[in-house]
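Participant: As a plain string of letters, each chain reads:
There are 2 protein chains.
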Amino acid sequence: MILLGVDPGCRFAGFGVIRKEGTLVQLLDHGCLRMSPSKPLSERIALFHDFFQTKIITLHVTHLALETPFLGKNAQNFLKLGYLRGVLYLLAHKHNLNLYEFSPREVKQAVTGFGGASKDQVARIILQLFPRIGSVETEDVSDALAVTLCGLWKEKSIEQLRR
Amino acid sequence: MILLGVDPGCRFAGFGVIRKEGTLVQLLDHGCLRMSPSKPLSERIALFHDFFQTKIITLHVTHLALETPFLGKNAQNFLKLGYLRGVLYLLAHKHNLNLYEFSPREVKQAVTGFGGASKDQVARIILQLFPRIGSVETEDVSDALAVTLCGLWKEKSIEQLRR
Numbered sequence: 001m002i003l004l005g006v007d008p009g010c011r012f013a014g015f016g017v018i019r020k021e022g023t024l025v026q027l028l029d030h031g032c033l034r035m036s037p038s039k040p041l042s043e044r045i046a047l048f049h050d051f052f053q054t055k056i057i058t059l060h061v062t063h064l065a066l067e068t069p070f071l072g073k074n075a076q077n078f079l080k081l082g083y084l085r086g087v088l089y090l091l092a093h094k095h096n097l098n099l100y101e102f103s104p105r106e107v108k109q110a111v112t113g114f115g116g117a118s119k120d121q122v123a124r125i126i127l128q129l130f131p132r133i134g135s136v137e138t139e140d141v142s143d144a145l146a147v148t149l150c151g152l153w154k155e156k157s158i159e160q161l162r163r
Numbered sequence: 164m165i166l167l168g169v170d171p172g173c174r175f176a177g178f179g180v181i182r183k184e185g186t187l188v189q190l191l192d193h194g195c196l197r198m199s200p201s202k203p204l205s206e207r208i209a210l211f212h213d214f215f216q217t218k219i220i221t222l223h224v225t226h227l228a229l230e231t232p233f234l235g236k237n238a239q240n241f242l243k244l245g246y247l248r249g250v251l252y253l254l255a256h257k258h259n260l261n262l263y264e265f266s267p268r269e270v271k272q273a274v275t276g277f278g279g280a281s282k283d284q285v286a287r288i289i290l291q292l293f294p295r296i297g298s299v300e301t302e303d304v305s306d307a308l309a310v311t312l313c314g315l316w317k318e319k320s321i322e323q324l325r326r
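Chains A and B, in that order, give the protein sequences. Heads up: the first sequence at position 56 corresponds to 56 in this note's numbering, and the numbers run straight through without jumps. Take any residue in the second sequence, note its place counting from 1, add 163, and you have its number in this note's numbering.
For the record, the hints were derived by calculation from the structure and aren't laboratory data. Please note: incorrect hints may appear among the correct ones.
What the hints assert, rightly or not - Taking lysine-lysine and the DSSO-like style, the derived pairs with C-alpha atoms no more than 30 Å apart in a straight line are:
(1) A:Lys55 - B:Lys218
(2) B:Lys257 - A:Lys94
(3) A:Lys39 - B:Lys218
(4) B:Lys257 - A:Lys55
(5) B:Lys202 - A:Lys39
(6) B:Lys218 - A:Lys154
(7) B:Lys202 - A:Lys94
(8) A:Lys39 - B:Lys257
(9) B:Lys236 - A:Lys73
Owing to the predicted nature of the structure, the values given are computational and were not obtained by experimental measurement.
Modelling step: build the complete structure from the supplied sequences, incorporating the hints.
Facilitator: Below is the structure:
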């Protein structure tokens with residue numbers, strides 16, 4: 001099982017890729033795709049598509065984990081998030097990925113044990129679990145790694161149910 | 164100039180394709196892509212992508228016209244519209260299409276001469292302009308044909324400005 005978790009955004013898109021084989025869990029890749037806001041939106045969407053398509057192919061991704069979006073104060077940001085999620089759905093279908101979606105509350109609950117945890121609390125636990133990523137990067141990738149972990153634990157509990 | 168106009172939706176997606184060569188204007192294709200709501204969303208998004216990619220390639224489309232979305236009562240529908248628009252942005256970039264976007268008011272104004280026109284008024288004018296499409300189909304394709312025409316007229320006024 002190779003799981004890609006993405007925290008999409010039109011300027012910064014954090015991601016993490018985790019492989020699980022038996023009891024072995026390994027962080028294969030993580031980072032943040034940065035897209036200049038001076039580029040046209042259609043170009044950024046194409047960049048986003050090509051970047052994650054390459055990750056899926058080269059890292060042999062089998063599962064995709066996303067957080068369900070909620071409508072905040074800015075409807076335009078919500079719509080732009082929709083553009084990127086549409087691209088991820090397209091990639092999930094094209095590359096035959098299993099898709100997991102979790103509410104922000106589920107992700108926080110899974111990672112910190114508390115559904116109302118703050119962004120900082122999530123980031124601190126992510127840094128404890130993956131000290132390699134370094135605190136500078138944590139901000140950009142912690143949400144993506146949190147949702148990736150959530151997908152990993154979900155799969156684990158499905159496996160346990162099957163036994 | 165070959166212009167594709169799309170009125171995206173996760174169940175019905177109306178479209179029109181119009182060619183303009185000098186003073187000659189021809190309706191090349193029109194219709195409605197129907198997607199069963201029983202299919203998973205990612206499959207419908209992939210269907211939508213493949214359908215319009217085929218149209219763009221086979222009809223040698225050069226321009227894409229869309230209506231700007233507005234947040235209605237249902238945030239989930241708005242988000243789903245975002246998924247499909249993301250796919251259209253991706254196709255526009257991949258196939259090097261010129262992208263036009265118009266507000267619903269601009270489209271109604273261009274077609275009926277009145278920005279506050281009803282859906283029915285728009286449909287009646289579309290049927291007068293394209294009697295071939297038949298009144299049964301008008302409902303599904305009239306919004307798409309209205310935005311296609313809007314793109315056509317926009318290009319015409321740009322051309323006139325250049326002279």
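Participant: With reference to the structure, classify each hint as holding or not holding.
Facilitator: Here is what the structure says about each hint:
A hinted pair counts as satisfied when its Cα atoms are at most 30 Å apart, and Lys55 of chain A with Lys218 of chain B qualifies at roughly 29 Å. The hinted pair formed by Lys257 of chain B and Lys94 of chain A meets the criterion: a straight-line CA distance of about 17 Å does not exceed 30 Å. A distance of roughly 27 Å separates the Cα atoms of Lys39 of chain A and Lys218 of chain B; the hinted pair therefore holds under the 30 Å criterion. As the CA atoms of Lys257 of chain B and Lys55 of chain A are separated by approximately 19 Å, the hinted pair is consistent with the 30 Å bound.
At most 30 Å may separate the alpha-carbon atoms for a hinted pair to count; Lys202 of chain B and Lys39 of chain A exceed this at roughly 35 Å. Proposed proximity of Lys218 of chain B and Lys154 of chain A is contradicted: the alpha carbons are some 40 Å apart, above 30 Å. Distance check on the hinted pair: Lys202 of chain B and Lys94 of chain A sit about 15 Å apart at the alpha-carbon level, within 30 Å; holds. Distance hint between Lys39 of chain A and Lys257 of chain B is fulfilled; the C-alpha atoms sit about 15 Å from each other, no more than 30 Å.
Restraint check: the Cα-Cα separation between Lys236 of chain B and Lys73 of chain A comes to about 15 Å, which is no more than 30 Å; the hinted pair holds.
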